[in-house]
Amino acid sequence: MGRYASQTIGEGFFGANFLAGRDSLTGTFADKAAALGATLLRYPGGGISEGSFDLANPDAMPPANNGSIDGLSRFLAHTAATGQQAALVIPTKRYADNPDQGVADLTDFLHRLKAGAYGDARGMIIEIGNEYYSGSAPYPAMTAAQYGELASRFASTIQSIMGDTVAISVQTGKTARDNAVIKNAFDLAAERDAVDMLSFHEYPWRLQPAAERMADKIALAASWSKIGVDADIFLSEWNVGSSADATRDSEHDYAEAQSSTLLEIATEALKGGVDYAAIWGVQQRTRTALGADEGDGRVWAPGKLVAMLGESLPGKRVVDLGAATGSSDEVKVYAFEDRAQITVFIAARDLTEDQATVTIDLTGVRAGIADVRGDRLSFTGHSGPYKVSGSVDPVTPELAEIAGGVSATVTLEADYEIVRLTFDRDMGDVLRQLIRGNNGDDYLAAGAGNDIVFGEGGNDVLIGAAGRDRLRGGQDADRLVGGNGDDLLFGEGGADRLIGANGDDQLFGGYHGDVLSGGSGDDRLFGSTGADRLRGDSGFDWLDGGMGADWLFGGAGSDIFVFSGRFGNDLIFDFNPGQDLIDLSGVKGIRDFDDLVENHLIQRGAHTHIVADSGDIALRFTDISDLDAANFVF
Numbered sequence: 005m006g007r008y009a010s011q012t013i014g015e016g017f018f019g020a021n022f023l024a025g026r027d028s029l030t031g032t033f034a035d036k037a038a039a040l041g042a043t044l045l046r047y048p049g050g051g052i053s054e055g056s057f058d059l060a061n062p063d064a065m066p067p068a069n070n071g072s073i074d075g076l077s078r079f080l081a082h083t084a085a086t087g088q089q090a091a092l093v094i095p096t097k098r099y100a101d102n103p104d105q106g107v108a109d110l111t112d113f114l115h116r117l118k119a120g121a122y123g124d125a126r127g128m129i130i131e132i133g134n135e136y137y138s139g140s141a142p143y144p145a146m147t148a149a150q151y152g153e154l155a156s157r158f159a160s161t162i163q164s165i166m167g168d169t170v171a172i173s174v175q176t177g178k179t180a181r182d183n184a185v186i187k188n189a190f191d192l193a194a195e196r197d198a199v200d201m202l203s204f205h206e207y208p209w210r211l212q213p214a215a216e217r218m219a220d221k222i223a224l225a226a227s228w229s230k231i232g233v234d235a236d237i238f239l240s241e242w243n244v245g246s247s248a249d250a251t252r253d254s255e256h257d258y259a260e261a262q263s264s265t266l267l268e269i270a271t272e273a274l275k276g277g278v279d280y281a282a283i284w285g286v287q288q289r290t291r292t293a294l295g296a297d298e299g300d301g302r303v304w305a306p307g308k309l310v311a312m313l314g315e316s317l318p319g320k321r322v323v324d325l326g327a328a329t330g331s332s333d334e335v336k337v338y339a340f341e342d343r344a345q346i347t348v349f350i351a352a353r354d355l356t357e358d359q360a361t362v363t364i365d366l367t368g369v370r371a372g373i374a375d376v377r378g379d380r381l382s383f384t385g386h387s388g389p390y391k392v393s394g395s396v397d398p399v400t401p402e403l404a405e406i407a408g409g410v411s412a413t414v415t416l417e418a419d420y421e422i423v424r425l426t427f428d429r430d431m432g433d434v435l436r437q438l439i440r441g442n443n444g445d446d447y448l449a450a451g452a453g454n455d456i457v458f459g460e461g462g463n464d465v466l467i468g469a470a471g472r473d474r475l476r477g478g479q480d481a482d483r484l485v486g487g488n489g490d491d492l493l494f495g496e497g498g499a500d501r502l503i504g505a506n507g508d509d510q511l512f513g514g515y516h517g518d519v520l521s522g523g524s525g526d527d528r529l530f531g532s533t534g535a536d537r538l539r540g541d542s543g544f545d546w547l548d549g550g551m552g553a554d555w556l557f558g559g560a561g562s563d564i565f566v567f568s569g570r571f572g573n574d575l576i577f578d579f580n581p582g583q584d585l586i587d588l589s590g591v592k593g594i595r596d597f598d599d600l601v602e603n604h605l606i607q608r609g610a611h612t613h614i615v616a617d618s619g620d621i622a623l624r625f626t627d628i629s630d631l632d633a634a635n636f637v638f
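Mapping to the numbering used here: the sequence shown position 436 is 440, numbers consecutive.
Hints should not be assumed to be uniformly reliable.
Unchecked claim - Okay, derived cross-link-like pairs now, DSSO-like style, lysine-lysine, Cα gap no bigger than 30 Å in a straight line:
| hint | residue 1 | residue 2 |
| --- | --- | --- |
| 1 | K391 | K336 |
| 2 | K230 | K178 |
| 3 | K308 | K275 |
| 4 | K275 | K178 |
| 5 | K391 | K308 |
| 6 | K308 | K230 |
| 7 | K275 | K230 |
| 8 | K308 | K336 |
| 9 | K592 | K230 |
Source of the hints: derived by calculation from the structure; they are not laboratory data.
Generate coordinates for the entire structure from the input sequences, incorporating the hints supplied.
Right, here's the structure in full:
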C-alpha cells in the first residue's frame, strides 16, 4: 500500500447538524441521524442560533413543523440518551456593538449551564457564533474585528467558568486578512489558552475542486499555531453547495453527483487534519438534503453514502495509493487502512461509455488477505427535484494474485455509482498467544486461543477473538474489543473505549474518561477514575463508575449499579425499579432504607437524587414513589 495521508480517523468526524424549528427530536430526525451513524449533533443550527437562540431562555426555540419545541434541555436529554456528543452554537451577532452585554449574558447562562439547569453539559463543544461574515436576520454580518473582540472575550469567559468540562471552538477568518484580524484579537494568554477547536464551513459547488478549497481553509486554521494555539479542527458545517454550476444544474446530474462529491470532500478534509465534523442538511427541502423533510423517514442516496463512511472509516487512515489504483478523470479511488482492514471506495464520474472496469492494486499489503467483500451504492429513481433514492447491494470483485500482493477488479455500471471494497487481513496467522505492540498506533488482533494483548504506548486498537482474551491498552487513547469468549479488558491510561462484545466480560476503564460497553452476556464494568460512560447492554450486568462524574446505562436485562468510596456525581439513565438494583453497601453514611428515605433521597423535578457526602446519584425520570427497599442493597 501507499503512504498514510492522514492521522487516525476519529468518531467525532461523523456528526450532523440539528436545526431547531425545522427538525424535531420527537419526529423523524432521530431515526435519520441514527441511520447516518451520527456520533455528534450540532445544535440549534448556525443561522438559527444567531437569530433565535436566547442565552437568557435557551429552552424557548421556534416550533418544528410537528409542533415540537426542542429547547436546550430537551436536546441535552436526547444526546444523553443516545450517547451522541453535543455541540452548541452560541449567538454573537446581536452583541457586535455591545460586547460587554454579551459577556454578561453569557456569564449568567454559563453559571446555569454548569449547575445543570438544562442537563449535563460535560463533554459539550461550545462553538462561538456562526459565519460572522454573513447576516442572520434580524442581525447584520460582523466585521472580523468585531468577531475577534467578542470571540476572545467569550472564549476566556467560557474557560473561566466551565473549565475543561467543555471544548471551546472559535471561527477562523473567511479570508487570510480576516483570519489575521481575528487572531490579533486574542492578545492575552488566557484567551489563546481557552481555544480548543477552530471551526469553519465548506460548501463547494459540485464541479469545484474540493481539494484546493479545503486546503486553503485548513491552512487558515493551521496558521493559529503561530500565536500558540494548538487546536483541533472542527468542520462544523459541510455539504455540496446548494447552488450548482448553472451549466450542469440538471435534476439528474446534481442529485447523483452529490454522493461522489461528498466522498471527495470528506477525504480531503481528513487528509488535511480535520478532527470533528457535522454535515448539514439531514432532512431539508434543499437540493442537497440527505433525507426527506421532517415527517418523512426516507434517506436519499447521499445519506447512504455518509452512512457507509461512518461504518468503514473510524480507526483508519487515508492512504495515498499512488498511480496504480485505476484513478482517472472518469473514476476516483479513495483508500483507507488500518492494520487489520483496507477499505477502498471507487466512485464513477461522468462515464464516456456505459460501464467502466477498474482494477485496484494492493501491492505491499503487510499481511495476507483473508476475505474481501463489496457493496454497490446505485441509484433507484427520483422522488422529486434533486432527490434520488439509492440502494446498497452486495457486489463480488474479481481477485487475482500479483507480485507482492493481490488485485481486485470491479465494474461500475452507471454514472456516479460508488463501490466499496473491504479487505480483511489474515491477522490470526501472524499474531499468537502473547501479542505486544510498541509506542506507535498499533492494531493488534488476537487469534483463536486465550491470548494476552498489550497495546503499550500510542492510540491502539486491540481486537479479541474466540477464547478468553486479556487486552491491555496501555497509555494513550485505545479501543479494545473483546470478541467471543469471556474476556478481560483494561483501558489503563488515556481516554479509552472498551467493548466486551459476546461473552461474560470484565471491563476496567482505568484513568481518564472512558467509554465501556458490555455487549451481550453478563458483564462487569468498572469505570475507575475520570468521567466515564458505562453501558451494560444486554444481560445481567454489574456497573461501577468509580470516582468521577459518570454516566451509567444498564441496558436490557436486570442490572446492578454499584457505588462506593468517593464516587462523585453520577447519572443513571435507565433505572428500572422492577428489575434493577442499586448497591449502596460501600457508601458511608447510608445505613439502611429508612435512613436513605429520611436523609438522602430527594425529588428534583422528574429525577430522584441520592445525596451523600461522597457524591450525588441521579436516577433520571424516576419518581421516589416508584422505589422501595427491594431496589437497594445496603
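Each hint, compared with the structure:
At roughly 23 Å between alpha-carbon atoms, K391 and K336 fall within 30 Å of each other, so this suggested pair holds. Our distance criterion of 30 Å between C-alpha atoms is met by K230 and K178, whose separation comes to about 18 Å. Distance check on the hinted pair: K308 and K275 sit about 22 Å apart at the alpha-carbon level, within 30 Å; holds. About 21 Å separates the Cα atoms of K275 and K178, which keeps this hinted pair within 30 Å; it holds.
Distance hint between K391 and K308 is fulfilled; the C-alpha atoms sit about 13 Å from each other, no more than 30 Å. Taking the CA atoms of K308 and K230, the gap is about 40 Å. The hint is violated against a cut of 30 Å. Our distance criterion of 30 Å between C-alpha atoms is met by K275 and K230, whose separation comes to about 21 Å. Simply put, K308 and K336 have alpha-carbon atoms about 18 Å apart, close enough for the 30 Å limit, and the pair holds.
With a CA separation close to 52 Å, the supplied pair K592 and K230 exceeds the 30 Å bound.
Hint check: violations occur at hints 6, 9; the rest are consistent with the structure.
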